[in-house]
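Kindly generate the complete structure, drawing on both the sequences and the hints.
As a plain string of letters, each chain reads:
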Amino acid sequence: MSTRTTWAVQRVPEVSGGVRLLATALSAILALIVAGIVLRLCGLPPLALGARVLHASFGTRFGIEDLLLLASPLAACGLSVAVMLRVGLWNIGAEGQFFVGATGAAAVGLFLPVGGTGTTLALMALAAAAGGALWIALPAAARLVLGTSEIITTLLLNFVARLLVDFLATGSWRDARSSVTAQTPRIHAAFAKLPRDWHLGGLHWGIALVIALAAVVALLFRYTSWGFELRVCGANREAARYAGMPVGRRLAEAMLLGGALAGLGGMIELAGTVHRLQGGLSNSYGYVGIIVAVLAAAAPVGVLFSALLMAVVLNAGTVLQTQGLPASAAVALVGLILLFVAMGERLSHYRIAVIRPRATPAGTGSAAAASGAAE
Amino acid sequence: MVIGPVGAPGTLAPRPLVAMRGITKSFYGTLANDGVDFDLRAGEIHALLGENGAGKSTLMNVLTGLYQPDAGEILIENHPRRLDNPAAAIEAGIGMVHQHFKLVQNFTVAENIHLGWEETPRRAGAAALEARTQALSERFGLPVTPGARVADIPVGEQQRVEILRVLARGARVLVLDEPTAVLTPSEVAALFTALRGFRADGNAVILISHKLGEVLEIADHVTVMRGGRSVAQCPAAGASRASLARLIIGDLPPSGRAVAAPLPDVEPVEPRADPDPLPARDVADPAASRRPSAPPGIAATAGAGPSVPHPAPTMVLREVSVRDARGVTLLDRVSIEIMPGELLGIAGVAGNGQRPLAEVMTGLLAPSEGELLLDGASMRGIGPRGFASRGVGHMPEDRLRTGLAATLPQGENALLREYHLPPSTRFGWLFDPAGARRLARGIINAAAVNRRDPSIPARNLSGGNQQRLVAERETRISHRLLVAAYPTRGLDVGAVAALHAAMHRLRARGVAVVLISEEIEELLDHADRIAVLCAGRISGILPVAEADPEKLGLLMSGQSLASGAPVSA
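Order-wise, the sequence lines are chains A and B. Per the working numbering, the very first residue in the first sequence carries number 1; after that it's consecutive. Per the working numbering, the very first residue in the second sequence carries number 1; after that it's consecutive.
Worth flagging that the hints you see were computed from the coordinates, not collected in a lab. Quick reminder that beta carbons are idealized off the backbone N, C-alpha and C, glycines included. Among the hints, a few may not be true.
As the list claims (entries may be wrong) - Here are the computed distance ranges between Cβ atoms for each label pair:
hint : chain 1 : residue 1 : chain 2 : residue 2 : range
1    : A       : R249      : B       : G435      : 17 to 27 Å
2    : B       : T30       : A       : V312      : 48 to 58 Å
3    : A       : V9        : B       : L66       : 23 to 33 Å
4    : A       : P113      : B       : R426      : 43 to 53 Å
5    : A       : G147      : B       : R441      : 31 to 41 Å
6    : B       : R426      : A       : G147      : 33 to 43 Å
7    : A       : F58       : B       : N450      : 42 to 52 Å
8    : A       : G147      : B       : N450      : 37 to 47 Å
9    : A       : A141      : B       : E371      : 31 to 41 Å
10   : A       : L138      : B       : E369      : 50 to 60 Å
11   : A       : L200      : B       : G442      : 47 to 57 Å
12   : B       : T407      : A       : G147      : 18 to 28 Å
13   : B       : R426      : A       : A212      : 20 to 30 Å
Have a look at this one:
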C-alpha cells in the first residue's frame, strides 16, 4: 500500500447517453479552441472572427435562411451515410451519388416535355433517386460478390461523377445562350418558396422534403422488422446469418437506399437553390455528410441537427475567406472537429480514479475514492 | 516432478535440455497452467498430449516467449532463462512451428526464410537468397523450391519452409503444433524422417498431437496434460493407444497430480455408474438429470427391436457430405437418425467436423451431397430461418461471434429468433418496440441473467450469463430439435447444471437434443447415444450403456473398435 495519493486511468464498460453527448460537445469546443489558437498564431483575432461567424449565421434573417439552405443538402448526404452506417458500411461516395442524382433530375427537367411543375418535380425526384442508387449499385455488387471494400469503390466513383457532370455541363447540355460555359440552361421546374407569413421567404419546400426524409428513415429504423435486421446486420453479420436474416439482401438494400438519398439531395439542391447542373453544385456536401452522420451517431433525426452545426462551420469558412484565409480552412476545421469527436468518443470510456492512502486525515478509511472525470 | 534416469531409452542424458518448473499461468481467473513441470532432453522427440483446453498451447506459448508465466521458471541447460518475447526464445534455441503457418503468401520461399533474420545479407539479390536457401534445404534435409511463391506450393512444402525458417535460426528445440493435421501420408513420412535426422544431431522436438498412432510411432517420451496440469510422463515404449487415451480423457483417479512412473498397461475401466435400466422414465419428471435410460426409439434405431412400433425419427442425415469453397471435405458421408426425445451426444476432438455438422443440422450450411430430413420432409433449399420456424434451435459453439451481436443490447439479442413474430412484429413488418421489449424482458427473466436491464450490451454480460441468454432463447424455439455445440464451455458449475436440466426438460417433452461436447463425462452422464466424429466421419455410434472412455477414445483417434465391441449403425 503506497502512502502517497496516486491516480489511475480506468476503463468503464458502459457509458450513458448523457456522458457521450457531453463528450461530443466538449470535443467540438476543444477543436474550436485549437482552431482559435491557430488563427491567433496567423495573426488574426479569433474571438472577433467567431463573433462575425455567429452574426453571419444567426444575426440576420438572411443568415438563418442561408444556414438552412446550406444544411439541407448536408442533411440529405448525412442521411445517406447514416443509413449505410446502420449496416456497418461506409458510404464515402455520397458526393458522387449527389452529382449523379442531380444529373438525373436535370435530364428530366431539361428534356422531358411535361406540363405541371408538380409532375415534373416528382419525376425529377424519381430520376435522382434512381441515379444515386445506380451510382452505388456497382460498389454494392462488388462488395457482395467479391467482398471489395465499399470505402474505396464509392470514393473513386466520386471523381467519375464529377467528371460526368463537367462533361455534360460543358458539352452537350451546355447553355448555348449564356456566356458562362460550364452550366446547363436554367431548369424551370423548381420548388416553391415557403409561405410568406412564415417569415422565411428565401426558403423552398425542398427543406421540408429533407426533414420528411429524415422522419421516414427514423420510422423505418424504429418501427419495422427490416430496421431491426439492418441493426443486427451492422452489429454482427455472422449472428444475423445465424438468426436467419437475408444478410446480403439487407446490405444491398441499405446501400441502394443510401445512394438514393444522396441522389435526392442533389435533386433538392438543383430544383431548390441552383437550378442549373454545374460542377460547383456540391460544396463537398457528400464528404461533409460523413461527418454529419458520425456526429449524429447515425441517428436520422440527429442528422438534422449535426447538419445545422456543419452548416455553421462551412459559413465560418466563407467568413475566413474574406479575411484572406484559403477556402480549404473550413475543410481543415471540419477535419479537426471530426478528429476531436472521435477521440472524445474513445476517451469517454475512461475515467481517472484517485487512489488515496489509507491514513487520510478525514479517517474515511476507504482505500480508493474515485472521481469521475469524463471527457 | 522427478523423472528417474530410467527415462528415455538409449539416451541417458543426466540433465534436461529444457526444464520448466512449476509453470503457472492464469487468464481472467482461470488457471490455464497450474504448476506444470516439463522436462525435455537432448536427442528426444517428446509428445505433448491432452484435450483442447488442457493447457498444452499455454505451456508452449510460455516456452516460446509469447506469454510470461505468473510463477515458475524455465531452465535451459540448467541455467534459468527469462524468455521475454519470441526473439529471446529463438535466441535460446527454441523455435515454434504453428498449426496455421505464418508465412507471407506473396513472397518466395527464399524471401520467407530470410525475412526478419539478422543473418540475412544486407544487399543480396534474389539469386543469392535462393542459393542460401538451397544450401539450408540440403543441410537440414527438407526439400523446398527456393524460387517458388509460397502461395503456389503445396501445404506440406509450406510446412517445410516454416520448419526450415526456425532451424536456420539455430533452433535446437523445435515445437510443432499438430504438424500432421494438414499432411498427406507420404508427406507425414517425409516429415518424420526429417525429425528423426534432427533428433540424431542431439536436438529435441516437442510434438503436440491428437493422433495417438503417430505419437507412438515417432515419440520417445510422452507428457499428458489435463485441466492445466501435467498428469503423466512416461516413455512411449511402454504405452499403448488405449492407455494414452485413458490418460488424456482422465479416467484415472486424480489423486496423484503427477504420475511419474511408467504407465501400467490398461486396467479394466471401473464402470462409472452401472447402466441401471430404469423403468420407462416418467415423462413429466424433468429432474431426471443423471443417466437416463434409453428413450423409446433407440432399440428401433439399433435395428434390434422388430416388434416395437417405430416412432418416426425427428431428423435424418443420409450420407451427408459437406465441402468448403476450396473443395476440402468437412463432413464425409455422415448418416445419423435422431429420435424424438433422444439426447444424442457427439464426441470427438474439436475440429473434426463438429461445426459443419451443427451448421448442416440447423440450415446454416447446405449439404454438398446427401439428404437431410426433418420430420420426414426434405430440407433441401431451406435456410436457417426455415429450420428455426420448423422448431430447430441452435446454441452455436462461438456464442460471441455467432450466437450474439455483442455490441447490441441484451434485449435485442434475446429477440434474435422472434423479432419478426408477434408480439415483436405485427402484420409481418410493423415492429412494435413496446411489445418487443416486453418479450425481451420475459426471455431475460426466464434466462435468469444476473443483470436484468435489457439495454445492457450483451458483451458486458459474463460468459455464463451470455450462455444462459442464448440457451433460453434457443430452447424457446426448439419444438423439435436443439443442437447445442459445446454449451458448457467456460461455465461455472451452477450454470452447467441449469443448462443440463434445460436439455433434459426438452428431452422429456419429446424434443430431440444433439449435444456436441469434448467432455466424455458430460456425454456419458447425459446422452442416450454417443456418436463419435473423426476427420469429418462418424467413426462409431454407441448406446451409452456400451460406451466407456476407452472405447470413445479409440473412436476419437479414428480407429474402429475391436471385434468385441459392437458398433450400432
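(message) Going through the numbered hints above, which ones does this structure break? Give me the numbers in ascending order.
(response) 10
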